[in-house]
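Could you slot chain B onto chain A? The hints should help.
Protein chains: 2
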Amino acid sequence: MTEPDALVVFTPSGKRGRFRIGTPLLAAARTLGVDIDSVCGGRALCTRCQVLIQEGEFAKHGVRSAADHLSAMTTAEQRLANRQVLAAGRRLSCQARVQGDVVVDVPETSQVHRQVVRKAAEARDIELYPVITLHFVEVAEPDMHDPSGDLKRLQDALAREWQLLGVGCDLKVLQGLQVALRAGDWKVTVAVHSRSQIVAVWPGFREKVYGMAVDVGSTTIAAHLCDLTNGEVVASAGLMNPQIRFGEDLMSRVSYSMMNPGGAAQMTDAVRTALSDLATDVARSAGVDHNAILEMTLVGNPIMHHLVLGLDPVELGGAPFALAVDSSVTVTAADIGLTLNPSARVYVLPCIAGHVGADTAGVVLAERPDLATVMTLVVDVGTNAEIVLGNRDRLVACSSPTGPAFEGAQISCGQRAAPGAIERVRIDSQTLEPRFKVIGSDLWSDEPGFAEAVAKTGVTGVCGSGIIEVMAELYLTGIINQDGVVDGALAARSPRIIANGRTHAYVLHEGAQRLAITQNDVRAIQLAKSALHAGILLLMERLGIDKVERIRLAGAFGSHIDVKYAMVLGLIPDCDLANVASAGNAAGTGARIALLDSRSRDLIEKIVRKVEKIETAIEPRFQAHFVESMAFPHKTAPYPNLRSVVDLPEPKVVAQTDGRERRTRRPPARA
Amino acid sequence: MTEPDALVVFTPSGKRGRFRIGTPLLAAARTLGVDIDSVCGGRALCTRCQVLIQEGEFAKHGVRSAADHLSAMTTAEQRLANRQVLAAGRRLSCQARVQGDVVVDVPETSQVHRQVVRKAAEARDIELYPVITLHFVEVAEPDMHDPSGDLKRLQDALAREWQLLGVGCDLKVLQGLQVALRAGDWKVTVAVHSRSQIVAVWPGFREKVYGMAVDVGSTTIAAHLCDLTNGEVVASAGLMNPQIRFGEDLMSRVSYSMMNPGGAAQMTDAVRTALSDLATDVARSAGVDHNAILEMTLVGNPIMHHLVLGLDPVELGGAPFALAVDSSVTVTAADIGLTLNPSARVYVLPCIAGHVGADTAGVVLAERPDLATVMTLVVDVGTNAEIVLGNRDRLVACSSPTGPAFEGAQISCGQRAAPGAIERVRIDSQTLEPRFKVIGSDLWSDEPGFAEAVAKTGVTGVCGSGIIEVMAELYLTGIINQDGVVDGALAARSPRIIANGRTHAYVLHEGAQRLAITQNDVRAIQLAKSALHAGILLLMERLGIDKVERIRLAGAFGSHIDVKYAMVLGLIPDCDLANVASAGNAAGTGARIALLDSRSRDLIEKIVRKVEKIETAIEPRFQAHFVESMAFPHKTAPYPNLRSVVDLPEPKVVAQTDGRERRTRRPPARA
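Going down the list, the protein sequences come from chains A and B.
FYI, this note's numbering numbers position 539 of the first sequence as 554, with every residue one higher than the one before it.
FYI, this note's numbering numbers position 569 of the second sequence as 584, with every residue one higher than the one before it.
Chain A with its partners taken away, still in its complex shape (with noise of 0.2 Å):
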């Protein structure tokens, strides 16, 4: 004789099984491995194991369904159905048991490996698989008739009612056990890392447990605090990097630990503050306990990466560039000295080379050029720009010194990205008059109350965006040529135009301060995009390629910039527009994402360690590919794409000191 059992489908996975009468849907969901979430275990506690019971005849499931074929509402769902927890036509799936044929639909807020909602500047959903789990459990009390440890119970539990087995638990949980167990009277909450090891241990149950995923650049430290059970970010914040203060780029800072005995040491100090900081901010601004922050994911430019981890940069200062480590690194906050949860694992991403680091290895990760079918460059701009190029074939990399121009540096007008600065810009080709956008205000210069809505900040400088938009303008109206130089012959046109012997200019604002954009400036920042074009060429050259379908430009300066004007200079190779997009900031987005879906740990260590490695400063082609970079756009590339909408000027001679010859189109030489 067989027992009485009923069909229970699961959709929408289409999982389905008889089970007993009886039988909780969550028991059969995890028999037949269904994803539904679940914090107390089975105590009608965490109400997230919810589940909507399809009504009717299921043709295709063969099954006719109906709420009276689960048991009844218990006391606890009736409570939570009065509390508006428990929305109608909803059950508990722990407290609902098989009575008859059933169709039970999983919600994806009740699944665990839901989908996180992406932003519109990231390529890809993110899937939560969390690398901290929570775990109710009632641990049986100790019994001088068979004594045992607090923790063996604690394991056992985990085992009886988990399936967690050998797990194992840090010593300063070990040393706060005793106490959160009395005081939780043997119901504690588990925080299980890799469901291997505990790391925290609360009395009672608590359904919340959060990560924090960090980008620590040279200049800027940004934190997402993200809630680890549905992987909503629930507080950002950012702060200066206070390591500028022993030198604003990071060559300045390895010169600084080369010449000062225990200068990496107070870096690194710098930085650690900081990062403990921004988790008191974030853990604040979002009503958080600081140790209730369990899992930190962080990523950086090489130099970052060790000074974060306490190893000295200054071997990333000189040839052979060599990482004390490339592979990704666990340790503890403790082990970091960071104020989240002492026991909180911080992961940090691998770094790919001397030069490519665990920032990129977050590009890559949050972009996946690894799966494109078209090939794809991925271009970083920060002091350095890190590259990436490639398809599902091969992916190769490098890093260029582009120095930090494209921030404002270097440029007599430049400024950061704040209230004030000029972010866009335009030049009237008949007149020369420009026009422009300052952050802070909506309105162009030549709109009406433009006047009244920068009264208070005043129009300070120009921003890395501001500086691509005029230098294109300049280039585009004819005022500077392709080689860079201003034609001081049209200041007879326009008193924008200063002619003052070899150190020419364009007059861009008369305020309070003159903002001119003059030669030099010019020349800084070509000397900044062909490095970047440079090594975007190295790249091309070892894909044997000579156009990419693709391009995604990465961090702040990506961001903000105008794509259409990145390619007027030349920043990047010829492409369809519409396919060059900004990624956002796709480090950070890469850090958020190993921090949410465990398996993208493994995941971006197999993919960092299969990108070939290219060194620009070994590659005797570089300096080539950098002198014919220097022109706008590049001196032999035709750039049909570009100049399919935008009207490039056609080379002319114009005062040039060397002699040179007019380009010659021809594509760059390939290996």
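Hint data in this document are derived by calculation from the structure and do not stem from the laboratory.
This one's a predicted model, so the numbers in the text were calculated from it and none came from an experiment.
To be clear about the criterion: a stretch of chain B counts as covered by chain A if any three or more of its residues have a C-beta under 8 Å from a C-beta of chain A, and this derived list gives those stretches:
(1) 156-168
(2) 186-200
(3) 317-328
(4) 333-346
(5) 621-632
Even glycine gets a Cβ: it sits at the ideal position worked out from N, Cα and C.
Same frame as chain A, but now just chain B:
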């Protein structure tokens, strides 16, 4: 056509195989699984791989072996031979290559898994299975054409030269890796823990690494520094447990922790400081850098165990005596703030129950009652007595609250074992006059020169072993009866007996101070010994036995007392005296075994979990046994073995106040 080969036979293992001409002997040994030590990986640096070449015809092996069946001595070997490092007839197996059939003897000193010479009191040899192994490697220099991290290239070298795959690395080691690799010109010695984790990297070749075995007693802490490459003890030291200032015995320390917020942390600091001091002491006396101490093992009673690990011992102060953790714990020296190498691992042996700690686990590991064919009793007497009883079929254990009387506390003339303390006592059965020996002199008190010998220290008190002997002699001479009552009537026979109402006494020594055994002293010893005996009886009852076949007394007390006197007083049950012996500091030996033989760690964990634990506090029979055990040697047990060698007094009724009957001879009731 087959390549020419030759037969190589290794002795004493007898392992043999045919190898291509030119194969190094070390490679042949590795192929056959013959245990030959090497740190330098075949570079003729460490000289550990020495073998002896057997010459002659070996019919048994089918070999004519000769020295010239090997390649000629290399320059490196010649140099070592000149320096007498390589004795005549010896070769380095990494240098000598097979040229013809050869019989190769591997001396024990060339084996990794050699036997460690045992001490007199130790039951078994220790076999060396080191947790830490040293590996000399040459690491590839960084290459810009194929960039990879220093750690990656080190891991590659370990895999290539030592078949160590997937080895991790401590953050602290990583932080020093760059400097070590460059200081050693890319040749370094790596210390690897459990063949899985890099715990130290030193520039160049290094052949020694050390470990420390520690026994944390309530009163004293003892440490042995061992050379982990050969198992030898290179230095030992001990000091008083500084926690004594928080309370003389364990329970007063637990009380201190209960009464004083932060009291447990204070005691933790104190014991950790003491452990660091001991490490410094032993390192200094062995002439070793404390950074070379890379492993530590630790035993101690549950309260010491908890305090060292920073676990609050309060729960151990009352029922249900719950341990925070009963399994073994491995932490780093940095985790618990010890000044060894910060990456040193500290392995703390498992606890058995709330009153039976890691010290008892150490005793079990040293004595291995789980291997015994005869019923074996192991007793470790301290402030509590830990008792383990059983054989290879079954083990039971408990702890009995003996109190500190055996250590001289609670005894009017008691003192710690120190120069001037009486340690041996005989009483003339006719004259009732005593003679004794004091620590610091080999003379009996009635021998010529005794007064001069002890002039410096004086006779200051009676230590544990002296107390046992004087009590036993008092009983054997009839000065006290079986119930422990001093026979005041004997005052008529000897001035040594002082009859003073209910507080009779026996004067052992009249000097600067009078040393007398009072009625209260006898009562204190009776209480202590009956607690011990009652615990033993509980265990015997649990196993359903009425006699034990073998007894081992562990600990300082067990090492110094005369086992016959211990039996006369009934500290232990009757047993053939030939099978009763001291086990020395078995807990400390257990720590040393865990240090040297890595296999022992899983082993003790398994044994400990199988031990049946008995909590005396909740055993209803304990009180009954306790009362019956007050008499010398026991109220009812017949003690036939003891009686065959000692003339035990027949019980007689003296001034009894409770009117109890004379003892009836029957074995104690069994469950």
